[in-house]
Amino acid sequence: MSSGAELIRKAKEQITEVDPREVHDLLGNGHRNGTVLVDVREQNEFEEAHLPGAVHVPRGHLEQRIEGAAPDRSERVILYCASGNRSALAAKTLIDELGYQQAESMTGGIALWKDRGFDVEVPRRLTPEQRERYSRHILVPEIGLEGQLKLLDAKVLLLGAGGLGAPTAFYLAAAGVGTLGIVDDDVVDLSNLQRQIIHSVSRIGESKVDSAEQAIHELNPGVEVKKYKTRIDASNIMEIIEGYDIVVDGVDNFPTRYLLNDATVRLKIPVVSASILGFDGQLSVFAPYEGPCYRCLYPTPPPAELAPSCGANGVLGALPGIMGVLQAIEVVKLITGAGEPLIGRLLLYEALSTSFTDLKVRRDPECPICSRDPDSISDDEMGVFPDYEQFCAAAG
Amino acid sequence: MSTIKIPPVLRASTGGEREVAADGSNVGEVLRALASSHPATEAQLFGDDGTLNRYVNVYLNDEDVRVLDGLDTAVKDSDTLVILPAMAGGR
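Residue numbers (the numbering used here), protein chains in the order written: chain A, -17 to 378; chain B, 85 to 175.
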């Protein structure tokens, strides 16, 4: 009866061993070169790190699964493990028992591979804390681990940390959106607290971006908050929004909405847009070149007397809660690819009658902005609409 | 009678009514009926040339009347018209 060590020694004599350098030279350029690279270690070892391009067939399942990984028995199969022992035994099994003609074992395993300074692939995983925090997302098939990783990678810009921005920021932070940008030049006021639930009495007088950041970090310290203590205008918009995956629009005036539309069409960034007044809300998703843009829906703003956004108007405190959370949901859908986002549709919510109305919005083939090549949209025409000067003068 | 949904900014012109019933066989007639029962809405809906103001969207059920036959679009009694000027409030 031979000892385990003898068995391994004998196996190594009977098979071909290949140095990690040769494997690296053979597969380092990302091509298979007629070779299948097989990791025969246990699941947890493979998950920790493995060679780039390796398929995983644990030695305990070698006989059952190798044909799936390497169906052609005349093809070269290079096996590796942690140090080169298990892979030597596995190579011998493939040759002796399963008829593989070129099954080889990599000397020294992944340990020697790393010693030689070659890269390994570390699969992305959630930390135990993240796994617990996002467990209810991971359980939903439409999101799952993959969707959660997308959320963690996502960069979302919120225009305004006010009525709509407050609930949106809270829920997107809770959802684990990795980077939240917030643009707001205002400070927290007592009259905000009837609806802007991200702020608090203790932070009255503080800037809204600082206040929002504090609340976000109390809820989820893993979120990176980028603060822009400014008002968005033609001079800074391109610089601020570039690099974000999605913009959430809760701005309170038409000139900025048109400016935002034109800039996001130019940069092809989808906008989740909502507006509120009294007991009524509107919501839509403007995905450049996929659906209509804001100008397709509203080619010109109403005259100032019909544009109450310019003055101080009342709003039911919970209304931006509903509309802002609907915005957060549309953002999560866009990031994860779940469901059908509200592109080409406009949702109206009337709180007094508790009714939702879904209207169709078409792309305007004559749209002054999104019917054109994005590169042809100039700085000068961004945010401009007929009677723009008159509108702004009248609006004060 | 078809039903017209009145947006918040026009409710001052309809005595606070959120829905108004109006007669007419097409969109233009229904909106004119609204304008005659609530005269303050007329200037907000129609320009001097009698066409619908461009900043007002009108939907027959869920479709923009501009992609249908505009003011000539036929209206049935069971239909709902939605008047929708742009809103921008967010604070």
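The hints are simulated quantities; they were obtained by calculation from the structure and are not laboratory data. Hints are supplied without guarantee of correctness; some may be wrong.
What the hints assert, rightly or not - Only pairs whose alpha carbons sit at most 30 Å apart, straight line, appear in this in silico DSBU-like list of lysine-lysine: (1) Lys315/A / Lys211/A; (2) Lys160/B / Lys89/B; (3) Lys96/A / Lys160/B; (4) Lys132/A / Lys315/A; (5) Lys315/A / Lys208/A; (6) Lys160/B / Lys342/A.
The hints, checked one at a time:
no.: 1; hint: Lys315/A / Lys211/A; in the structure: 28 Å, holds
no.: 2; hint: Lys160/B / Lys89/B; in the structure: 15 Å, holds
no.: 3; hint: Lys96/A / Lys160/B; in the structure: 76 Å, violated
no.: 4; hint: Lys132/A / Lys315/A; in the structure: 11 Å, holds
no.: 5; hint: Lys315/A / Lys208/A; in the structure: 22 Å, holds
no.: 6; hint: Lys160/B / Lys342/A; in the structure: 19 Å, holds
Hint compliance for this structure: hint 3 is the single one not met.
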